[in-house]
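Asks: Chain by chain, the residues:
There are 2 protein chains.
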Amino acid sequence: MNLMPLVFDRFEHYVKNQAPKVASFHPHFEDALWEMVLNGGKRFRPQLLLSIVASYKPKMLEKAFAPALALEILHTYSLIHDDLPAMDDAPLRRGCQTLHTKYGETSAILAGDGLNTHAFYLLTKAKLKPKTKVKLIQCLSYNGGIYGMVLGQALDCYFEHQKLPLKQLRFIHLNKTAKLIAASLQMGGILADCDKKTRKSLYKLGLDLGLFFQIRDDIIDTTQSEQEAGKPTQQDTDKNSYVNLLGLEGAKKEAKNLSDSILTQFKTLNPKANKILNELLSHYFIF
Amino acid sequence: MNLMPLVFDRFEHYVKNQAPKVASFHPHFEDALWEMVLNGGKRFRPQLLLSIVASYKPKMLEKAFAPALALEILHTYSLIHDDLPAMDDAPLRRGCQTLHTKYGETSAILAGDGLNTHAFYLLTKAKLKPKTKVKLIQCLSYNGGIYGMVLGQALDCYFEHQKLPLKQLRFIHLNKTAKLIAASLQMGGILADCDKKTRKSLYKLGLDLGLFFQIRDDIIDTTQSEQEAGKPTQQDTDKNSYVNLLGLEGAKKEAKNLSDSILTQFKTLNPKANKILNELLSHYFIF
Numbered sequence: 000m001n002l003m004p005l006v007f008d009r010f011e012h013y014v015k016n017q018a019p020k021v022a023s024f025h026p027h028f029e030d031a032l033w034e035m036v037l038n039g040g041k042r043f044r045p046q047l048l049l050s051i052v053a054s055y056k057p058k059m060l061e062k063a064f065a066p067a068l069a070l071e072i073l074h075t076y077s078l079i080h081d082d083l084p085a086m087d088d089a090p091l092r093r094g095c096q097t098l099h100t101k102y103g104e105t106s107a108i109l110a111g112d113g114l115n116t117h118a119f120y121l122l123t124k125a126k127l128k129p130k131t132k133v134k135l136i137q138c139l140s141y142n143g144g145i146y147g148m149v150l151g152q153a154l155d156c157y158f159e160h161q162k163l164p165l166k167q168l169r170f171i172h173l174n175k176t177a178k179l180i181a182a183s184l185q186m187g188g189i190l191a192d193c194d195k196k197t198r199k200s201l202y203k204l205g206l207d208l209g210l211f212f213q214i215r216d217d218i219i220d221t222t223q224s225e226q227e228a229g230k231p232t233q234q235d236t237d238k239n240s241y242v243n244l245l246g247l248e249g250a251k252k253e254a255k256n257l258s259d260s261i262l263t264q265f266k267t268l269n270p271k272a273n274k275i276l277n278e279l280l281s282h283y284f285i286f
Numbered sequence: 000m001n002l003m004p005l006v007f008d009r010f011e012h013y014v015k016n017q018a019p020k021v022a023s024f025h026p027h028f029e030d031a032l033w034e035m036v037l038n039g040g041k042r043f044r045p046q047l048l049l050s051i052v053a054s055y056k057p058k059m060l061e062k063a064f065a066p067a068l069a070l071e072i073l074h075t076y077s078l079i080h081d082d083l084p085a086m087d088d089a090p091l092r093r094g095c096q097t098l099h100t101k102y103g104e105t106s107a108i109l110a111g112d113g114l115n116t117h118a119f120y121l122l123t124k125a126k127l128k129p130k131t132k133v134k135l136i137q138c139l140s141y142n143g144g145i146y147g148m149v150l151g152q153a154l155d156c157y158f159e160h161q162k163l164p165l166k167q168l169r170f171i172h173l174n175k176t177a178k179l180i181a182a183s184l185q186m187g188g189i190l191a192d193c194d195k196k197t198r199k200s201l202y203k204l205g206l207d208l209g210l211f212f213q214i215r216d217d218i219i220d221t222t223q224s225e226q227e228a229g230k231p232t233q234q235d236t237d238k239n240s241y242v243n244l245l246g247l248e249g250a251k252k253e254a255k256n257l258s259d260s261i262l263t264q265f266k267t268l269n270p271k272a273n274k275i276l277n278e279l280l281s282h283y284f285i286f
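Same order as they appear, the protein sequences are chains A and B.
Numbering that gives the first Met the number 0 numbers the first residue of the first sequence as 0 and each following residue consecutively.
Numbering that gives the first Met the number 0 numbers the first residue of the second sequence as 0 and each following residue consecutively.
What the hints contain is simulated information worked out from the structure, not anything from laboratory work.
Do not rely on the hints blindly, as some may be mistaken.
Pairs count within a copy or across copies, as identical chains cannot be separated in the list.
Calculated cross-link-like contacts (lysine-lysine; reagent style DSS-like; alpha-carbon spacing at most 25 angstroms) [what the hints assert, rightly or not]:
#1 Lys15 / Lys196
#2 Lys166 / Lys20
#3 Lys196 / Lys162
#4 Lys130 / Lys58
#5 Lys20 / Lys199
#6 Lys20 / Lys203
#7 Lys124 / Lys196
#8 Lys56 / Lys130
#9 Lys195 / Lys58
#10 Lys203 / Lys124
#11 Lys101 / Lys162
Using the sequences and the hints, build the whole thing.
Replies: Set out below in structure tokens:
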């Protein structure tokens, strides 16, 4: 029996109960702070982390919820800031008003800032050994900061109107998207006390997964209607995208190569991880 | 002989050599990232931290530089974001262009985000025991995040155009300014392995210091010219400020009470700390 949907349901329930109680004389900031965390999304990164823990050390699952939440709220802050007028200027996210549209730009910047910092506070409060906490904080701050996600986002914005060669586009996506996904798997590996070799394999797998998802998004943007994709499409026509650089067929071939490699990498993990990751991810590999 | 100026000089030299080497195909982000860290300021928070370490465990001074830098870059990110168009919309900071004026708003938001996260990365890399690192990260993320600085800033912005009672104004300043100053002294206490009672006293002293500096700033804004103060003054005339709430004499009395209490608290610390903190701070108590 596949227990992961139950674990993910429990995690979702956990998230709803973790809104921080901020002692203040006014609820405005507190409301803004947790709204985007509650307003769901797929919890893709926590699911990756929890899948690895469930595969390698299921008895750690309970203690993995706090780090999974830390990962999710770091991701959430990045979405709040990505949506800002100075970045994507997006009115909607997941079908709802973006945070700055509802609460104003100032509150959105500060809610993002607060969640960024709070991710690390949560990790210090987790029921884990200090050594494990430090490893998790290091992994998250490296991949989610200036050596990863923030660098990628900065380059992506800076070169928005300049055509880049494939190598540089890949560098941007590796940093902007793939490194936090790699960190999700690696944090799972840290929590499950996997050996160094497995943690390294998990990280490499996460980078490939991140790149795959980026190419897949570019393909979906070109080929699907807004209704099919569940989000606005045809947005990338003048952007740096794999489809624009490689053509649709070239991008599809690249995606196929990556998904083949990913499925092969699944098999190098333990049988349980192979099974759980296949169940979680392999439907993404058909499009 | 007073060795602290030498320590502070060494710290300044250290900061200049700590610009992170970000592997990228373009230097834009890296340039933006470290510019405000280099563009000085008084390094007030690191000086507080280093003063406590020098007083209670001088052999830890070398290892205290990384945490002192983490504290400074968290403070720096907050200045970068405070200056943004959606907040103070400031063209100048410390006599130089603000980061968003020079590099654009997008880069300034991201440089701030990156520095916020990087503060915690730096703490994980410090040459300290895991347990000490976790304590420092917890102290910084609690006081510099949604339970402290970010909450205070959010409330300050939200109530910018509403007159607040003294209790609420004090709550804002306690969070926005005082808690990070309290964290500076407490992080010093953690590094010097001070007992719980001393760490608590240091924290309380920091809160009072933070409030004192806020009232002092309000008084200077009212009484000094731009030339005397070294920064634009007469900015707070329609703002929530101690002078507007208590009148100039009332604010001066409040500042005097606080500085008296602070000097008394210095005396409860060890003689070296009393001496160093007096040398560092007592000239602020005359105005």
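Asks: Hint by hint, note whether the structure agrees.
Replies: Tested hints:
In this homomeric assembly, Lys15 and Lys196 never come within 25 angstroms of each other (Cα to Cα): the closest approach is 35 angstroms inside a single copy and 36 angstroms across copies. In this assembly of identical chains, the alpha carbons of Lys166 and Lys20 lie at most 25 angstroms apart only when taken from different copies (20 angstroms versus 45 angstroms within one copy). Taking identical chains as interchangeable, the C-alpha atoms of Lys196 and Lys162 are never at most 25 angstroms apart, the minima being 38 angstroms within one chain and 60 angstroms between chains. Taking identical chains as interchangeable, the C-alpha atoms of Lys130 and Lys58 lie at most 25 angstroms apart whether they share a chain (19 angstroms) or sit on different chains (24 angstroms).
Taking CA atoms no more than 25 angstroms apart as the test, Lys20 paired with Lys199 passes between copies only; the shortest distance there is 22 angstroms, against 37 angstroms inside one copy. In this assembly of identical chains, Lys20 and Lys203 lie within 25 angstroms of each other by CA distance solely across copies; the values are 22 angstroms between and 37 angstroms within a copy. In this assembly of identical chains, Lys124 and Lys196 lie within 25 angstroms of each other by CA distance solely across copies; the values are 22 angstroms between and 28 angstroms within a copy. For the identical chains of this complex, Lys56 and Lys130 are neighbours both inside a copy (18 angstroms) and across copies (24 angstroms), given an alpha-carbon limit of 25 angstroms.
Proximity of Lys195 and Lys58 under a CA criterion of 25 angstroms is satisfied intra-copy only: 20 angstroms inside one chain copy versus 34 angstroms between copies. Only between protomers do Lys203 and Lys124 lie at most 25 angstroms apart by alpha-carbon distance; the minimum there is 23 angstroms, versus 29 angstroms within a single protomer. Proximity of Lys101 and Lys162 under a CA criterion of 25 angstroms is satisfied inter-copy only: 24 angstroms between copies versus 34 angstroms inside one chain copy.
Violated hints, in rising order: 1, 3; the structure is consistent with all others.
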